[in-house]
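S.K.: Each residue of the sequence shown is one higher than the one before, counting from 1 in our numbering.
Keep in mind the hints are simulated off the structure, nothing from the lab.
These numbers were taken from a predicted model, which means no experiment stands behind them.
Backbone N, C-alpha and C fix where the C-beta goes; we use that ideal spot for every residue, glycine too.
The hints are all genuine.
Dumping the calculated DSSO-like pairs for lysine-lysine here, alpha-carbon to alpha-carbon at most 30 Å:
#: 1; residue 1: Lys73; residue 2: Lys110
#: 2; residue 1: Lys110; residue 2: Lys93
#: 3; residue 1: Lys89; residue 2: Lys110
#: 4; residue 1: Lys54; residue 2: Lys94
#: 5; residue 1: Lys78; residue 2: Lys51
#: 6; residue 1: Lys94; residue 2: Lys123
#: 7; residue 1: Lys82; residue 2: Lys25
#: 8; residue 1: Lys123; residue 2: Lys97
#: 9; residue 1: Lys73; residue 2: Lys94
#: 10; residue 1: Lys110; residue 2: Lys94
#: 11; residue 1: Lys73; residue 2: Lys97
#: 12; residue 1: Lys110; residue 2: Lys126
#: 13; residue 1: Lys51; residue 2: Lys117
#: 14; residue 1: Lys89; residue 2: Lys117
#: 15; residue 1: Lys24; residue 2: Lys97
#: 16; residue 1: Lys93; residue 2: Lys117
#: 17; residue 1: Lys24; residue 2: Lys126
#: 18; residue 1: Lys54; residue 2: Lys70
#: 19; residue 1: Lys97; residue 2: Lys51
#: 20; residue 1: Lys93; residue 2: Lys123
#: 21; residue 1: Lys24; residue 2: Lys94
Label-pair distances were calculated between CB atoms; the ranges are:
#: 22; residue 1: Met48; residue 2: Asp134; range: 17 to 25 Å
#: 23; residue 1: Ala108; residue 2: Ser140; range: 18 to 26 Å
#: 24; residue 1: Glu75; residue 2: Ser140; range: 16 to 24 Å
#: 25; residue 1: Ala128; residue 2: Gly95; range: 18 to 26 Å
#: 26; residue 1: Gly109; residue 2: Lys24; range: 31 to 39 Å
#: 27; residue 1: Asn81; residue 2: Pro124; range: 30 to 38 Å
#: 28; residue 1: Pro79; residue 2: Glu112; range: 29 to 37 Å
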Amino acid sequence: MKKLVLLVGICLSLLVTNSFASDKKGLNVVLTAADAQTQQMAMVLSMMTLKQGKQVNMTLCSSAGDLAVKGMKSEVLKPMNKSPKMMMKAIMKKGAKVEVCPLYLPNAGKDESVLIKGITVAKPPKVAAQLLNDDFTTLSY
Numbered sequence: 001m002k003k004l005v006l007l008v009g010i011c012l013s014l015l016v017t018n019s020f021a022s023d024k025k026g027l028n029v030v031l032t033a034a035d036a037q038t039q040q041m042a043m044v045l046s047m048m049t050l051k052q053g054k055q056v057n058m059t060l061c062s063s064a065g066d067l068a069v070k071g072m073k074s075e076v077l078k079p080m081n082k083s084p085k086m087m088m089k090a091i092m093k094k095g096a097k098v099e100v101c102p103l104y105l106p107n108a109g110k111d112e113s114v115l116i117k118g119i120t121v122a123k124p125p126k127v128a129a130q131l132l133n134d135d136f137t138t139l140s141y
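Given the sequences, and given the hints that come with them, work out the whole structure.
M.R.: Right under this line is the structure:
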């Protein structure tokens, strides 16, 4: 009987968790990692979120900001044989909003002219509001 009650409790908690997850509007992704595998994981989870009909807001800063720069190379990874930069462009085509943090360009000695089309400089008040929005889950890499 105790096992049955425990099993029912677990099932109910999973149902409640799943219903909360389905209520989410999408994902906020803050990506600073230089590591290609970490960058790729952020892109893969973003793509899966978009495929579920949800929104993705991505902010790139520090070394990850290099993904936003035209001509910068990104390591191709298995098993997809795609780079994080290739995946980033794919999620943008599916509607993801990608921005660089306002610290990236001036500290990298660059300006907005180097950014891939569709990527803009983030506005801190808007990013803060989005991060505080309970309708979105935030992932930081």
